[in-house]
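Participant: Below are the chains, spelled out letter by letter.
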Amino acid sequence: MSHTVLVCDDAIFMRTMISDILGQAGFEIVGEAETGSQAVEKYKQLKPDLVTMDIVMPDMGGIDAVREIVKHDPDAKILMCSAMGQQALVVEAIQAGAKDFVVKPFQPSRVLEAVQRVLG
Amino acid sequence: MDLSQYAELFLAESREHLSACNQLLLEWERAPASPVPVGGLFRAVHTVKGMAATMGYARVTDVAHRTENLLDLLRRGSQPATDDLLQLLFRARDSLEQAVELSVVGREDEIDAAEILADLDGAAAALAGPGGRPAPAPGPAPAVEAPAVAGRLVQVTLRSEAPLKGGRALLVLKKAQALGPVRNVTPSETAFESDDFDGRFSFRIETTAPAADVERVVRAAGDVEHLTVGGEERRAPSPGAAPGAAQAPDAKSRHIRVDLRRLDGLMDLIGELVTARGRLNELAAQRRDPAVDDVAIQISRLSTELQAEIIQARMTPVWQVFDRFPRLVRDLARELGKQVAFRVEGKEIELDRAILDELGDPLLHLLRNAVDHGIEAPAERRSRGKKPEGEIVLAAVRERASVVISVSDDGRGIARAKILERAKRDGVVDPHAEALSDDQLLRVLARPGFSTAESVTSVSGRGVGIDVAMTRIRALGGSIDIRSQEGKGTTFVLRLPVTLAIVRALIAGVGAERYALPLTYVSETVEFGVQATTTVEGREAIVLRDRVVPLVHLRRLLGVTGDAPSRCPIIVLEMGDRRSGIVVDGMLGQQEIVVKGFDAPQGTLPVFSGATIMGDGIPALILDAGGLL
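The listed protein sequences correspond, in order, to chains A and B.
Just add 32 to wherever you are in the first sequence, counting from 1, and you've got the working numbering.
Just add 107 to wherever you are in the second sequence, counting from 1, and you've got the working numbering.
Hints in this document: simulated from the structure, not taken from any laboratory.
Be aware that one or more of the hints could be misleading.
Unchecked claim - In the DSS-like style, the derived pairs of lysine-lysine whose C-alpha atoms are separated by at most 27 angstroms in a straight line are:
1. B/LYS281 / A/LYS79
2. A/LYS76 / B/LYS281
3. A/LYS103 / A/LYS74
Next comes chain A alone, as it looks inside the complex (with noise of 0.2 angstroms):
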């Protein structure tokens, strides 16, 4: 059975961009959130076995929304979607419990090596 994914970016261009490579790599994508608030409520109804986190979004940002995954399921496998110049807030998103991170700009291979880490 494939592994599910939870999209969260606040970018349709993004989340697009994430589903097809995932997608493509078989994984079945069940659901897409756009605020950290949403990812958190489809995170509890979906049960994934895997986020991709934006880390800047509107309403609840990605950090916290790790924070409130991790706090209803301590097994949470989170991988952040960060952007370069943003060390500070990718350490701050591993201490909250994110599992790995990727950097844009995506390259494909690095989002799969990062989810099969991830997944392990």
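Following the hints, position chain B against chain A.
Facilitator: Chain B only, in chain A's frame:
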């Protein structure tokens, strides 16, 4: 991976974010101490940056990055926005927009961002100041271990090309912790948050696990170039062993995006289906076979539903066009030294995409006129006892099968006396006329090249505007009305059909031809020959419930020879305050017609807005209500 497939999405979404930036900047300008706009601005610019970097648009990324830097400083410092900063941010947004548009069409080298980049950096430096954020201390080289601590010493060097090495280092530590307590992290974990961290670090791990296990766990964190565990050194395998994207066809997605052209194509097909349905209904009526009738009815119902679904899919909220106006009005007002409060109402009202796309320019003309000619300068307003800040309202309202969009200002109104003079000179009105009605006023204003502006400003007053706007709106099957009161202000009212593609129309016969009249503007029908006619201002008219309705004999207008029947129907058209009675030979019923574009041959009367194919396959012309009024 092929990025071109994402370019349109990138463009659409970047435009949305840049439009949001405009709204946020305007909001910030109104409330400089509010902490809300800067957060939204930061997120919007950040998102554009991420998308642009992914697309490989280096210049967009650069402008976005520096803008984001400045916004970040403002956000952290929670400083109120000064006018200079806001102007700079407006400029940065505009540069970003230009860079986005040029990049998408492959003209990235034409982007000239040197000036805005320098200004952004200058402003950021000034904000950070000498006492600004201290530069992070350079991460010290991995220290030699302190021998007092037990456990294996692990020394790690991350790949030089690995991004955000601090984050990766932290992941290494987290993984290692699964084997045992980790101590003596050098440099300390706080150095991981710095961009200067070079990817070399060491730590001690207290574990009974063999060195090979430690190595496996640490490598599993990714991006590890070089690693020694407990003094034993191993080289990393050559990089590039990344697993390729496995092909799996069963990816599922619940959302799809549809190219607008597909939707247009679908609409054309539905149009043909509706035409075929008309023929089927006619044939079924001739056959009088209940089985055929049943199928015809079923097909009618299905195609009606299909048509409604597709029209719904084409509907777009007006804010997609309206949202660019607040910024425009603000810029114009500043340029002209006016104070304007601009309000938008009914943003969520929906229109067919094809109509909405055509509305931008006409509305822009009207708004420019309102700022330039409508709203007075603050001093003049004060002297007239008005508040110095003028008001312009752009509003959309749904009215039955049409959408009404109005542009109102509370400015000086139109000086009718001056226009009347001009109108008499040009022979637009009777030389003895003493006043202009709103309708006449509009007719004068809409004459090509007409301008009452005393000086031609860069904004408007070049004598284009109303006529251009009017032509566009009429081409869409809509109308423009004007209401103006001297000293109080002017309102332009645009009426538009909700959709262009398929409309319900009245089919009228004149001579051997059939003509379609969209029902949107038909108010009623009465009978000619029964109704008494009179003459008002030299025109034949009827009086309908105390209102004079001038008549247009279509037979005469179209030059059809032969005699009209002695009793024939009058179709009363109504558009705003204007009415007109169209005398035709006969009424042939109502039906849905598919509007086809129409390039009128030279010399054609300006009373046709398009053509349609009737159920029997014979074309009919569509009468333009606006042209007949």
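Participant: So, for every hint listed, does it hold in this structure?
Facilitator: Cross-check of the supplied hints:
1. For a cut-off of 27 angstroms, the pair hint linking B/LYS281 to A/LYS79 stands: about 24 angstroms separates their Cα positions.
2. Taking the CA atoms of A/LYS76 and B/LYS281, the gap is near 25 angstroms; set against the 27 angstroms cutoff, the hint holds.
3. Between the alpha carbons of A/LYS103 and A/LYS74 the distance comes to roughly 15 angstroms, so the proposed pair stays at or under 27 angstroms and holds.
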